[in-house]
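Hey, can you work out the whole structure from these sequences and the hints?
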Amino acid sequence: DQQVKQNSPSLSVQEGRISILNCDYTNSMFDYFLWYKKYPAEGPTFLISISSIKDKNEDGRFTVFLNKSAKHLSLHIVPSQPGDSAVYFCAATPGPDKLIFGTGTRLQVFP
Amino acid sequence: DVKVTQSSRYLVKRTGEKVFLECVQDMDHENMFWYRQDPGLGLRLIYFSYDVKMKEKGDIPEGYSVSREKKERFSLILESASTNQTSMYLCASSPGQGIQYFGAGTRLSVL
Numbered sequence: 294d295q296q297v298k299q300n301s302p303s304l305s306v307q308e309g310r311i312s313i314l315n316c317d318y319t320n321s322m323f324d325y326f327l328w329y330k331k332y333p334a335e336g337p338t339f340l341i342s343i344s345s346i347k348d349k350n351e352d353g354r355f356t357v358f359l360n361k362s363a364k365h366l367s368l369h370i371v372p373s374q375p376g377d378s379a380v381y382f383c384a385a386t387p388g389p390d391k392l393i394f395g396t397g398t399r400l401q402v403f404p
Numbered sequence: 360d361v362k363v364t365q366s367s368r369y370l371v372k373r374t375g376e377k378v379f380l381e382c383v384q385d386m387d388h389e390n391m392f393w394y395r396q397d398p399g400l401g402l403r404l405i406y407f408s409y410d411v412k413m414k415e416k417g418d419i420p421e422g423y424s425v426s427r428e429k430k431e432r433f434s435l436i437l438e439s440a441s442t443n444q445t446s447m448y449l450c451a452s453s454p455g456q457g458i459q460y461f462g463a464g465t466r467l468s469v470l
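From first to last, the protein sequence lines are chains A and B. Quick note on our numbering: the first sequence kicks off at 294 and runs consecutively. Quick note on our numbering: the second sequence kicks off at 360 and runs consecutively.
It is possible that part of the hints are untrue.
[Claimed, not checked] Dumping the calculated DSS-like pairs for lysine-lysine here, alpha-carbon to alpha-carbon at most 27 Å:
1) Lys416/B with Lys362/B
2) Lys362/B with Lys391/A
3) Lys361/A with Lys349/A
4) Lys391/A with Lys298/A
5) Lys391/A with Lys430/B
6) Lys330/A with Lys416/B
7) Lys412/B with Lys391/A
8) Lys414/B with Lys391/A
9) Lys349/A with Lys364/A
10) Lys330/A with Lys362/B
11) Lys412/B with Lys330/A
12) Lys298/A with Lys347/A
The set of hints was computed from the structure by calculation and includes no laboratory data. Note that the structure is predicted; figures quoted are calculated from it, not measured.
Below, the structure is given as structure tokens:
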């Protein structure tokens, strides 16, 4: 059973606009959430995270929002750039060690 | 910068062969992980290790084993490779605070 779900396998956004990637989870014990970005032929790289005690975390063009009651988090990228084109994975952890990953969303930013 | 190095970028093996995938990290991290990435399935945890000579099964350990004789090195072993083990294999290390650092991956093809 998939505990972390990314229901949109792909997303296409024009350069300069906002990209919104969504993630849902089922386990209310998850207390820390992360987003990773993955380019082809490279390993995933950490992008941004949020603790369950917060509802928003911002880092430059990237903002993660957490809605605990809905068990939903989202990643906003604004403005989107062509270099943001990659696969984005959300992940969750009930503790400091294991991560449970979603299936990924492929973002394409076109000029 | 954290560096996680996987010994091979591409491997081609035959069914029934014993396969070793090697991973080395240079940050003295306690925790190391092996995942496989398949289209539409995201990253799935095979095995992980919290310390030298310690190992824990992940979500899909069948057909795999691991070895951690030194803190910096974590090996994934396919005892008898099968075609359904054709995949991208990703190694990661972590200091235990949720964020994991990934290698570039090994794309394994089993013929």
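Verification of the hints:
At most 27 Å may separate the alpha-carbon atoms for a hinted pair to count; lysine 416/B and lysine 362/B meet this at roughly 24 Å. A C-alpha spacing of about 20 Å is found between lysine 362/B and lysine 391/A, which places the hinted pair at or below 27 Å, so the restraint holds. A C-alpha spacing of about 11 Å is found between lysine 361/A and lysine 349/A, which places the hinted pair at or below 27 Å, so the restraint holds. As the CA atoms of lysine 391/A and lysine 298/A are separated by approximately 17 Å, the hinted pair is consistent with the 27 Å bound.
Straight-line distance between C-alpha atoms of lysine 391/A and lysine 430/B comes to about 18 Å, which keeps the hinted pair within the 27 Å bound. Proximity of lysine 330/A to lysine 416/B is assessed by CA-CA distance (about 25 Å); at most 27 Å being required, the pair is judged to hold. For the proposed pair lysine 412/B and lysine 391/A, the alpha carbon gap of about 18 Å is at most 27 Å, so the pair holds. With a CA separation close to 13 Å, the supplied pair lysine 414/B and lysine 391/A stays within the 27 Å bound.
A C-alpha spacing of about 14 Å is found between lysine 349/A and lysine 364/A, which places the hinted pair at or below 27 Å, so the restraint holds. Taken as a hint, the lysine 330/A and lysine 362/B pair is honoured in the structure, with Cα atoms around 17 Å apart against an allowance of 27 Å. For the given pair, lysine 412/B sits about 31 Å from lysine 330/A by alpha-carbon distance, which is inconsistent with the 27 Å threshold. Proposed proximity of lysine 298/A and lysine 347/A is supported: the alpha carbons are some 21 Å apart, at most 27 Å.
Hint compliance for this structure: hint 11 alone is broken.
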